[in-house]
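Trainee: Residue numbers (UniProt numbering), protein chains in the order written: chain E, 1 to 388; chain B, 1 to 388.
Careful: at least some of the hints might be erroneous.
Said to hold, decoys possible - Cβ-Cβ distance ranges computed for the label pairs, FRET-style: (1) B:74 - E:42: 29 to 39 Å; (2) B:305 - E:122: 23 to 33 Å; (3) B:254 - E:41: 35 to 45 Å.
Unchecked claim - The calculated lysine-lysine pairs, modelled on DSSO-like cross-linking and capped at a C-alpha distance of 30 Å, are: (4) B:117 - E:120; (5) E:188 - E:13; (6) B:120 - E:117.
Unchecked claim - One side of the interface only, derived from the structure: several residues of chain E facing chain B at Cβ under 10 Å: (7) 42; (8) 46; (9) 61; (10) 85; (11) 90; (12) 125; (13) 231; (14) 242; (15) 264.
Because the hints were derived from the structure by calculation, they are not lab data. Treat the numbers as computed from the prediction; the structure is a model and nothing was measured. C-beta: ideal position from N, C-alpha, C; glycine also.
Each chain, written out:
There are 2 protein chains.
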Amino acid sequence: MPRAAVVGAGMTKFSVHDTPMQELFDEAAFAALDDAGVSPGDIDALYFGNAMGGSTENETHLGPKIAAHVGMSGIPVQRFEDACATSSNAFKNAVEAVEAGVHDVVLVGGTERCTPKTGKDTPEMTRIFGSASHRQYEQPTGLTFPAVFALLTKRHMHVHGTTEEQLAHVAVKNHGNGALNPNAHFGKEVTVEEALNSPVIADPFRLMDCCPFSDGASAVVVVSEDAAASYDAPVDVSGVGHATDVIPIGDKAEIGVTQAARDAAAQAYEQADTTADAMEFAEVHDCFTGAEILAIEALGLVEDGQGGVAAEEGRTARDGDIPINPSGGLKAKGHPIGATGTAQIVELTEQIRGDAGERQLGGVERGVAHNLGGDSATTVVSVMEARQ
Amino acid sequence: MPRAAVVGAGMTKFSVHDTPMQELFDEAAFAALDDAGVSPGDIDALYFGNAMGGSTENETHLGPKIAAHVGMSGIPVQRFEDACATSSNAFKNAVEAVEAGVHDVVLVGGTERCTPKTGKDTPEMTRIFGSASHRQYEQPTGLTFPAVFALLTKRHMHVHGTTEEQLAHVAVKNHGNGALNPNAHFGKEVTVEEALNSPVIADPFRLMDCCPFSDGASAVVVVSEDAAASYDAPVDVSGVGHATDVIPIGDKAEIGVTQAARDAAAQAYEQADTTADAMEFAEVHDCFTGAEILAIEALGLVEDGQGGVAAEEGRTARDGDIPINPSGGLKAKGHPIGATGTAQIVELTEQIRGDAGERQLGGVERGVAHNLGGDSATTVVSVMEARQ
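Please put together the full structure from these sequences, using the hints given.
Mentor: Have a look at this one:
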């Protein structure tokens with residue numbers, strides 16, 4: 001039996017935005033409410049995600065501010081922060097709440113501004129992003145996130161022979177998908193040659209291996225499995241797994257393996273009474289091209305060591321046997337941290353409904369989302385399915 | 001029937017600490033685990049609160065770092081931030097989770113460093129605290145939190161005739177209670193005269209009306225009502241209410257009323273099948289003396305307009321008819337933001353067990369905690385009772 005259902009989904013374009021965070025969230029929230037056919041007064045609780053607003057814009061306690069802004073004052077609100085897995089963790093807690101009967105109709109989402117519109121330039125934002133790494137054991141070494149994922153990817157290259165060309169194929173695919181997505185930060189395609197000729201950021205990553213800093217918001221309306229039948233287009237949430245891995249990365253048993261993703265995926269598949277083989281597509285946390293390769297292996301969508309090969313051979317393309325990141329992923333759709341997790345849920349919802357426009361995959365009924373926070377530590381994996 | 005039970009409680013001294021946040025949390029967490037008679041491997045999930053770590057110490061994604069530090073890597077962790085109501089909101093979500101059977105044994109708590117040990121001086125910390133007020137409508141006016149609560153209190157004085165002497169009596173009482181609490185930041189008594197002669201901070205508040213910036217941590221072990229019987233000294237959680245009020249304060253219907261506290265209290269009492277009259281003591285959010293007066297009225301512990309009178313007449317003293325803040329409250333025990341909510345739960349647990357040492361009230365079996373975040377916006381109210 002499904003644990004809950006998504007009955008409304010909305011997001012802003014991920015881009016560079018002048019508008020304050022609550023106005024960004026309004027746009028996503030009202031799109032989700034309209035999609036569900038509910039009004040602010042129908043919402044029982046807000047599960048809200050924002051990762052870095054305190055540091056970027058001196059803005060905390062955003063949950064009640066946003067509830068007031070969208071006409072929901074009074075309801076219980078909680079803000080989640082789990083680095084880049086922020087709003088998927090809000091989603092997980094919301095699913096538990098409607099499943100338990102704590103609430104009937106909840107709004108879940110996140111918002112973030114990460115571009116110079118915050119008043120913070122790229123070096124300063126890099127430091128702020130770095131707050132998600134270990135304060136005592138990693139930050140003093142200068143290990144920012146491109147370097148964290150570069151280390152993980154280097155290990156994967158060493159163990160499995162993954163190549164820079166394979167990384168480039170991930171970028172090319174996701175940019176191609178993003179070009180079909182009107183909400184994507186980057187709407188242009190790139191070639192393998194362009195990717196391989198872009199400047200090195202943190203070896204083996206070049207500029208084209210890295211996702212951008214984006215501004216944006218996303219939101220979904222979640223209801224209980226029982227209540228879902230009274231909505232127009234519910235998509236079932238059949239499993240949500242959540243696990244963490246040890247931090248700092250020097251303490252991980254094997255840095256190329258992303259154990260938390262494996263644990264979270266196992267939980268999600270078990271809840272959904274399904275297996276990786278049954279997944280028809282996935283949205284995964286490709287903050288860097290190497291991260292997508294690690295993710296699809298951890299989710300069991302390809303064999304260990306085959307993540308890079310799968311990209312190179314087109315298996316993860318829109319017309320491949322397991323399309324990955326049809327939205328464009330973080331790489332091309334963009335990465336407004338606190339909005340990323342629920343944006344993946346928006347994409348799963350739209351794809352499974354057949355509402356994904358130009359980027360619609362053919363007849364998909366079941367997909368999985370993978371959202372990762374910090375040093376490959378917090379991971380939330382969600383399985384969604386067409387209602388039977 | 002109780003919703004859940006607290007079976008272990010621990011906290012650090014609230015003070016000025018040199019130790020990093022995760023080490024502070026370790027001390028509270030291990031005290032709570034030892035008290036419950038469980039080990040890190042018995043914990044299914046961590047519900048963690050920290051309010052300002054990103055801004056104060058460039059430290060986010062603290063949940064998994066702390067889980068790793070206390071030997072709990074792998075388990076699901078979520079960080080909550082709801083300004084000063086941060087860890088009580090974590091507690092509320094944890095109670096829901098064990099009640100629903102999502103988890104069996106959870107650790108809930110919070111940690112914060114707010115003193116110059118963070119590297120931030122008092123003016124800078126005041127700006128960071130101010131991030132919980134409205135970014136567009138309040139921060140630009142220079143309205144920091146002493147001023148927010150001064151406005152609320154001024155209104156109460158205007159409507160009800162509350163006096164500065166009555167505010168001073170709140171400070172005197174809480175300092176007296178704090179002097180009995182070895183974990184309190186301030187261990188000294190003050191007199192009404194000293195309070196009234198202390199310098200004005202934000203009229204009507206003088207220095208002695210204001211709680212300090214503190215460093216500290218607190219933690220509790222929460223289990224389901226069914227599981228509680230197998231622990232040595234469970235204290236039942238019979239109700240947890242949670243509501244928000246509109247922000248900015250200019251939009252509130254009546255600023256001296258703290259509507260969210262009234263709504264949250266009504267929920268908590270209804271869940272517990274009890275009334276305000278049945279409460280034998282309370283821990284309330286006295287970030288400023290005026291806030292205690294508003295809180296005890298909102299909780300229904302005294303009549304509206306009688307909050308100040310109650311302090312002056314000794315009704316809220318240890319030997320009064322409704323003792324308030326036997327721990328010393330935020331005013332004397334201290335206020336490490338993210339740790340404050342669960343520290344109130346620690347105090348309720350110890351008082352109801354009869355384990356509160358020198359500050360033990362006589363034979364109390366039922367109490368209520370009130371934790372407030374932001375511009376009188378997020379409020380969580382928890383009712384706890386001795387197991388029958």
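Trainee: Would you mind marking each hint as holding or not holding in the structure?
Mentor: Okay, the hints, checked on the actual structure:
For residue 74 of chain B paired with residue 42 of chain E, a C-beta distance near 38 Å keeps the hint of 29 to 39 Å intact. In this structure the supplied range 23 to 33 Å is violated for residue 305 of chain B paired with residue 122 of chain E, their Cβ-Cβ distance being about 55 Å. A C-beta distance of roughly 22 Å is found between residue 254 of chain B and residue 41 of chain E, which places it outside the suggested range of 35 to 45 Å. A C-alpha spacing of about 25 Å is found between residue 117 of chain B and residue 120 of chain E, which places the hinted pair at or below 30 Å, so the restraint holds.
A hinted pair counts as satisfied when its Cα atoms are at most 30 Å apart, and residue 188 of chain E with residue 13 of chain E qualifies at roughly 15 Å. Our distance criterion of 30 Å between C-alpha atoms is met by residue 120 of chain B and residue 117 of chain E, whose separation comes to about 25 Å. Interface restraint check for residue 42 of chain E: the shortest CB-CB distance to chain B comes to about 17 Å, outside 10 Å, so the restraint is violated. Interface restraint check: residue 46 of chain E against chain B, minimum CB-CB distance 9 Å, threshold 10 Å, status holds.
A cut of 10 Å between beta carbons decides the hint on residue 61 of chain E: the least distance to chain B is about 4 Å, and the hint holds. A least Cβ separation of about 9 Å between residue 85 of chain E and chain B falls short of the 10 Å threshold, and the interface hint therefore holds. For residue 90 of chain E, the interface hint holds, the least distance from its beta-carbon to any beta-carbon of chain B being 8 Å, beneath 10 Å. Against a cut-off of 10 Å between C-beta atoms, the interface hint on residue 125 of chain E is violated, since the closest Cβ of chain B lies about 12 Å away.
The restraint placing residue 231 of chain E at the interface with chain B is violated, with a minimum CB-CB distance near 23 Å, outside the 10 Å limit. With its C-beta approaching chain B no nearer than about 4 Å, residue 242 of chain E sits inside the 10 Å limit, and its interface hint holds. Annotation: residue 264 of chain E was flagged as interfacial toward chain B, and the flag holds, the nearest CB pair being 9 Å apart, inside 10 Å.
Hints 2, 3, 7, 12 and 13 from the list above are not met by this structure, while the remaining hints are.
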